[in-house]
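Those sequence lines, one after another, are chains A and H. Start counting the first sequence at 1; every next residue gets the next number (the working numbering). Start counting the second sequence at 1; every next residue gets the next number (the working numbering).
Careful: at least some of the hints might be erroneous.
Now the in silico label distances, taken between C-beta atoms and shown as ranges [unchecked claim]:
#1 H:GLY123 / A:ASP228: 51 to 59 Å
#2 A:LYS66 / H:ASN260: 46 to 54 Å
#3 A:GLY214 / H:GLY60: 51 to 59 Å
#4 A:ASP77 / H:GLU24: 49 to 57 Å
#5 H:LYS5 / A:ARG76: 50 to 58 Å
#6 A:SER205 / H:ASN260: 41 to 49 Å
#7 H:PHE288 / A:ASP70: 52 to 60 Å
To give a feel for the contact side, a few chain H residues facing chain A, derived at Cβ under 8 Å [claimed, not checked]:
#8 PHE56
#9 ALA62
#10 GLY68
#11 GLY77
#12 LYS78
#13 GLY91
#14 ASP95
#15 GLN96
#16 GLN99
#17 GLN217
#18 ALA219
#19 GLU221
Read the hints as simulated data drawn from the structure, not as lab findings. Just so we're clear, the structure is a prediction, and the values are computed from it rather than from any experiment. Glycine residues also receive a C-beta, built at the ideal position from the N, C-alpha and C atoms.
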Amino acid sequence: MTALATPPASSSYSAPTLDTAADLDEMARQIRRDIVRMVTLAQSGHTGGSLGMADVFTALYFKLLKHSPDVFWSGRDQDFLFLSNGHISPVWYSTLARAGYFPLEELATFRKLNSRLQGHPATDTHLPGIRIASGSLGQGLSAAIGAALAFRLDKNPNLVYCLMGDGECQEGQIWEAAMFAAHHKVDTLIGIVDFNNQQIDGEVSKVMRIEPFGEKWTAFGWRVLECDGNNISEFIETVHLAHSMSRQEQPVVILAKTVMGKGVSFFEGTMPDGTNWHGKAPSKDLAEKALLELAPTRFGDF
Amino acid sequence: MTKSKYESRGDKATRAGFGEALLEVAAQDERIVGLCADLTESLSMKKFEKAYPHRFFNAGIAEANMTGIGAGLAAAGKIPFIATFANFATGRSFDQIRQSVCYSEMNVKICASHAGLTLGEDGATHQILEDIALMRSLPNMTVVVPCDFSQTKRAVHAVAKHRGAVYLRFSRPAMPDFSSDDEPFDIGKAIELHDGNDLTIIACGVMVWRALQAAYQLASENIFARVLNMHTIKPLDDAAILKAAQETGAIVTAEEHQLNGGLSDAVAGVCARTLPVPIESVAVMDKFGESGTHLQLLEKYGLTTEHIVQKAKAALKRKG
């Protein structure tokens with residue numbers, strides 16, 4: 001049996017508790033295996049950004065977020081997370097499944113007809129874990145602000161997270177939202193930007209420069225943190241720092257530096273011809289080679 | 001003729017009806033929040049802002065963001081009424097409405113004033129005549145176009161109770177307030193304002209008053225027109241349209257909107273698929289507006305009582 005084949009469905013899954021840095025790294029590696037297998041089975045999807053954000057998603061769902069699949073639909077007693085750059089849905093779907101939101105075997109339906117795992121996150125398929133559709137870029141931060149305002153009105157003490165892409169920050173709506181959040185003192189909101197300097201057409205700095213990026217957020221009234229988004233421990237520390245800076249009348253954004261395609265050497269960063277692995281899936285042969293760089297884990301493939 | 005003649009109780013703006021009713025529904029349901037994009041006075045939301053300062057958010061001149069924030073509020077259980085001029089509420093924010101509101105099944109109320117030619121002197125940049133077409137094209141969207149101050153108030157109450165995205169279109173100038181509180185506002189259910197079996201005039205918004213005047217004028221010439229106030233463009237009251245087609249055999253539509261994609265196209269589609277009858281349209285014929293008073297513009301662009309009367313006679317002639 002090749003690594004790409006689907007093993008029999010297991011019916012009794014419960015999300016593991018991950019205590020150590022090694023546990024979290026192993027889960028991130030499993031999520032990367034899931035991503036490679038999902039996009040390869042679908043022969044479409046966004047490989048690079050999904051692999052790059054596996055560490056951030058692992059840290060969020062297995063360490064940082066106050067959340068539970070059991071209470072998700074109630075909307076109560078939990079943090080809210082919005083993924084604005086919806087094209088990295090593979091990493092979100094895998095993480096949600098690994099965290100117990102829906103059956104692991106459903107990951108094999110990604111991008112297939114009648115699947116709840118749409119190419120970009122959708123709500124009309126009622127997949128637990130997702131509150132709003134995203135895909136057309138630039139819209140998620142506004143939604144996250146709206147949720148944070150609702151929390152304020154309800155005296156709900158929980159936090160709202162919004163994940164964005166750096167290329168996505170070329171969209172004007174992001175800066176409309178940034179201005180609003182500072183003006184209205186939305187201080188229970190933590191933005192996290194996947195700062196990988198990659199977009200479809202190449203490096204962000206070459207396609208449409210966003211620098212000075214941190215200074216832009218500062219100028220818009222946000223407090224800005226930077227970290228290595230591929231170092232789980234450093235990312236967790238940074239989010240804890242963001243927590244300590246919240247509720248001080250300013251929103252906080254974390255610029256998480258990541259490497260597109262992280263974990264598979266030949267998917268990482270910019271290819272010799274200037275392209276990247278933003279929006280394409282590998283062939284089955286290439287995927288088998290990729291999985292050799294992502295050793296199997298105790299969590300097992302879907 | 002079974003209905004008594006409608007009289008105007010005086011001129012009042014539909015946007016004022018929106019402002020009054022928003023206060024009323026907000027008092028009844030604390031989930032209701034208001035957002036406006038730097039047009040609080042124009043949208044008649046000053047009283048709401050004063051009464052509920054914590055439930056009002058000014059988004060500044062940033063309509064796309066306001067739409068997204070509305071979606072996020074709805075995702076967390078609120079009922080946001082987001083309000084601005086119809087042009088910015090729809091055309092400028094279409095992608096946000098499509099993805100964050102409609103596709104995401106969010107309970108957001110998009111409240112749009114200053115729609116159409118009756119915006120007047122500001123001219124074509126602000127006189128959107130395409131908003132009904134944009135909004136009725138979207139799955140999960142309800143499109144409501146009330147006819148006067150009083151019906152706008154009833155519409156706001158109905159919209160607040162309705163679960164799901166709504167586009168509520170109203171306008172700037174003071175116009176005859178004539179609709180009756182005896183007419184319940186049921187979303188998707190047309191209201192018959194005048195009885196007749198020679199033809200049917202189906203109108204929405206500011207054209208409903210003119211449709212009534214046309215029916216009265218026609219009656220004096222022994223032509224009896226049924227008048228339907230089609231206050232909901234989506235979901236359209238197919239049953240009322242087909243009943244009208246069956247019983248009266250000819251239809252005139254009247255709207256302050258482009259012909260393409262508006263009420264007329266919607267009505268014609270229903271009839272063409274099931275029961276084709278002659279249809280004449282009073283609408284803006286593929287043109288942008290211009291500066292002028294609202295009455296001058298309605299005259300120049302063919303949206304008056306007299307135009308409806310002419311189209312009614314043309315429809316009757318085709319009916320044979």
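Evaluated hints:
Between H:GLY123 and A:ASP228 the beta carbons are some 54 Å apart, a value that agrees with the proposed interval 51 to 59 Å. Taking 46 to 54 Å as the suggested C-beta distance range, the pair A:LYS66 and H:ASN260 conforms, at roughly 50 Å. About 24 Å separates the C-beta atoms of A:GLY214 and H:GLY60, a value inconsistent with the hinted range of 51 to 59 Å. For the pair A:ASP77 and H:GLU24, the beta carbons lie near 33 Å from each other, so the given range of 49 to 57 Å is not met.
For the pair H:LYS5 and A:ARG76, the supplied restraint of 50 to 58 Å holds, since their beta-carbon distance comes to about 54 Å. Between A:SER205 and H:ASN260 the beta carbons are some 44 Å apart, a value that agrees with the proposed interval 41 to 49 Å. Separation of H:PHE288 from A:ASP70 is about 55 Å and conforms to the stated range, judged on CB atoms against 52 to 60 Å. Annotation: interface hint on H:PHE56 violated; nearest CB of chain A at approximately 11 Å, more than 8 Å.
Among the interface hints, the one on H:ALA62 holds; its C-beta lies about 4 Å from the nearest C-beta in chain A, closer than the 8 Å criterion. Hint on H:GLY68 holds. Least Cβ distance to chain A is approximately 3 Å, under the 8 Å limit. The criterion of a C-beta within 8 Å of any C-beta in chain A is met by H:GLY77, whose closest approach is roughly 6 Å, and the hint holds. Because the beta carbon of H:LYS78 sits about 5 Å from the nearest beta carbon in chain A, less than 8 Å, this interface hint is met.
Because the smallest distance between the Cβ of H:GLY91 and any Cβ of chain A comes to about 15 Å, over 8 Å, the interface hint for this residue is violated. Evaluation of the H:ASP95 hint against chain A yields a held restraint, the C-beta minimum of about 5 Å falling below 8 Å. The interface hint given for H:GLN96 holds, since its Cβ lies 6 Å from the closest Cβ of chain A, which is under the 8 Å cut-off. The beta carbon of H:GLN99 is positioned within 8 Å of a beta carbon in chain A (closest approach about 5 Å), and the interface hint is therefore held.
Interface hint status for H:GLN217: violated, as the beta-carbon distance to the closest one in chain A is roughly 48 Å, over 8 Å. The interface hint given for H:ALA219 is violated, since its Cβ lies 49 Å from the closest Cβ of chain A, which is over the 8 Å cut-off. A least Cβ separation of about 52 Å between H:GLU221 and chain A goes past the 8 Å threshold, and the interface hint is therefore violated.
Violation of the numbered hints given earlier is confined to hints 3, 4, 8, 13, 17, 18 and 19; the remaining hints are satisfied by the structure.
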